[in-house]
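Undergrad: Residue-level listing of the chains:
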Amino acid sequence: MKTNKLKMITIAITIALVSINCNDNDNNDGDMDMMGMMDFSGTFVQQDQMARPAINTVFIASGQPKDDFNAAIPSAMGSKYQSIFQSRLMALNPAYDKNALGQSASAFTGLLATDVLNVSTTKKTTFFDGTNVLTGRALADDVIDVELLLIFGGSAGTLNPQLTSDHVNANDVAFGTSFPYLATAW
Amino acid sequence: MKKSKLVLGLSLLAISGLVLIAADHIDAPSVTGNAADITDMFTFQGQDTNNLVFAVNTQGLLSPNKTAEAVFNENVMIEVNIDNTGDNVEDLVIQAIKRGDKMYFFGPYKPSMTGKSSSIDVSKASGDVAISTYKMTPVTATKNGMKFFAGPRDDPFFFDLGQFQKILGGTATGFNNPGVDTFAGTNVLAVVVEVPKAMLGGSGTLNVWAETKRKQ
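Protein chains in written order, with this note's numbering: chain W, 1 to 186; chain D, 1 to 216.
Bear in mind the hints are in silico, worked out from the structure with no lab data behind them.
Because the structure is a prediction, the values reported are computed rather than measured.
Heads up, a few of these hints could be off.
Partial chain D-side listing against chain W, Cβ under 10 Å, derived [claimed, not checked]:
#: 1; residue: Val76
#: 2; residue: Phe106
#: 3; residue: Lys110
Listed next, the in silico DSS-like pairs over lysine-lysine satisfying Cα-Cα at most 25 Å (straight line) [said to hold, decoys possible]:
#: 4; chain 1: D; residue 1: Lys124; chain 2: D; residue 2: Lys66
#: 5; chain 1: D; residue 1: Lys116; chain 2: W; residue 2: Lys80
#: 6; chain 1: D; residue 1: Lys197; chain 2: D; residue 2: Lys166
#: 7; chain 1: D; residue 1: Lys197; chain 2: W; residue 2: Lys124
#: 8; chain 1: D; residue 1: Lys197; chain 2: W; residue 2: Lys123
#: 9; chain 1: D; residue 1: Lys215; chain 2: D; residue 2: Lys102
#: 10; chain 1: W; residue 1: Lys80; chain 2: W; residue 2: Lys98
#: 11; chain 1: D; residue 1: Lys110; chain 2: D; residue 2: Lys98
#: 12; chain 1: D; residue 1: Lys98; chain 2: D; residue 2: Lys143
Backbone N, C-alpha and C define an ideal beta-carbon position, used for all residues, glycine too.
Taking the hints into account, I'd like the entire structure generated from these sequences.
TA: Written out as structure tokens, the structure is:
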């Protein structure tokens with residue numbers, strides 16, 4: 001008896017769910033009506049943070065320091081991380097004086113330590129294209145070469161030529177020109 | 001002289017335990033290999049240059065075999081943070097979170113609190129999209145002038161990470177030409193949202209960053 005009752009309830013619920021699901025087929029708008037039935041409550045706490053490419057990986061030591069950086073918020077990063085970044089920069093390139101942007105070690109690491117992506121809403125968006133500097137990050141930007149050049153290339157970008165490009169200059173597949181832009185998965 | 005000094009510096013760095021792993025792929029113990037691990041963030045003008053596109057990639061280095069089984073987590077919110085006043089504090093957020101087989105989007109809106117903790121204001125829902133299935137045509141949705149996508153994509157990042165690690169390890173003194181793209185043939189789980197610039201405020205420049213936040 002009890003089992004049958006349970007079955008009936010299950011069937012009833014299933015039918016109800018199926019009926020609701022039919023609304024799904026309407027179009028994109030239909031789904032919003034279902035949102036009231038979903039639970040989006042609760043407090044969500046930061047696990048990872050990222051803006052400029054490879055910053056955590058290049059400038060922060062392995063293990064707990066990486067977790068700590070991922071859990072930090074940009075407005076608190078500058079004061080906490082600038083000197084750490086500068087030590088790393090000088091370890092990577094003990095001869096560092098200025099980079100191609102004319103930045104001293106403290107100016108360069110002061111910029112990088114606050115991990116945000118600077119984005120222009122009026123110009124072309126690119127990490128660096130020879131003219132525009134840090135106005136966004138486009139999919140095809142060779143961001144690693146830009147960072148290698150700034151770390152190793154000196155003020156004219158000509159020092160340590162064996163270290164200023166990895167000679168991988170493009171993605172392995174072409175990007176789309178329309179949404180969602182990223183290429184089909186392998 | 002300079003060169004040997006540089007190599008010495010790199011070797012010391014490698015010994016000190018700084019192992020470089022690219023863009024932000026597999027970067028830290030507590031997020032590596034799970035849905036909260038952000039591999040990359042991109043922000044660029046859309047095909048319609050009145051729009052900005054935000055792409056946040058997670059769970060890097062997915063082989064084709066692993067991609068079909070990779071999933072977003074219903075307890076992990078992906079949040080784009082936008083500072084339009086220059087103080088590196090978010091003035092607007094765009095939040096994405098999975099429920100069932102869909103990704104739901106909220107904002108851009110001004111969050112009730114800033115910093116390490118977030119909540120979702122369901123009244124700020126902006127759209128949703130079915131999460132695309134591996135090897136199927138990508139599903140996109142458009143609403144309120146915004147476009148939405150969530151699902152597997154090719155990892156757009158490219159870098160000869162292997163050679164860089166050799167340089168750091170002292171077994172190589174420079175890159176090869178041509179280099180080898182360590183990320184060729186690998187996938188990520190991507191969330192892409194396109195937003196009219198007019199919704200983002202500011203006076204020409206924004207500071208943006210991505211976060212993952214886990215429900216407590």
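Undergrad: Taking the hints in turn, state whether each one holds.
TA: Hints and how they fare:
1. Val76: holds (7 Å)
2. Phe106: Where the cut-off is 10 Å and the nearest Cβ of chain W is about 8 Å from Phe106/D, the hint holds.
3. Lys110: violated (16 Å)
4. Lys124/D - Lys66/D: Violated, at roughly 34 Å.
5. Lys116/D - Lys80/W: holds (16 Å)
6. Lys197/D - Lys166/D: violated (43 Å)
7. Lys197/D - Lys124/W: holds (13 Å)
8. Lys197/D - Lys123/W: Given pair Lys197/D, Lys123/W holds - Cα atoms ~12 Å apart, limit 25 Å.
9. Lys215/D - Lys102/D: Since the Cα atoms of Lys215/D and Lys102/D sit roughly 18 Å apart, the hinted pair holds (cutoff 25 Å).
10. Lys80/W - Lys98/W: holds (22 Å)
11. Lys110/D - Lys98/D: holds (21 Å)
12. Lys98/D - Lys143/D: holds (18 Å)
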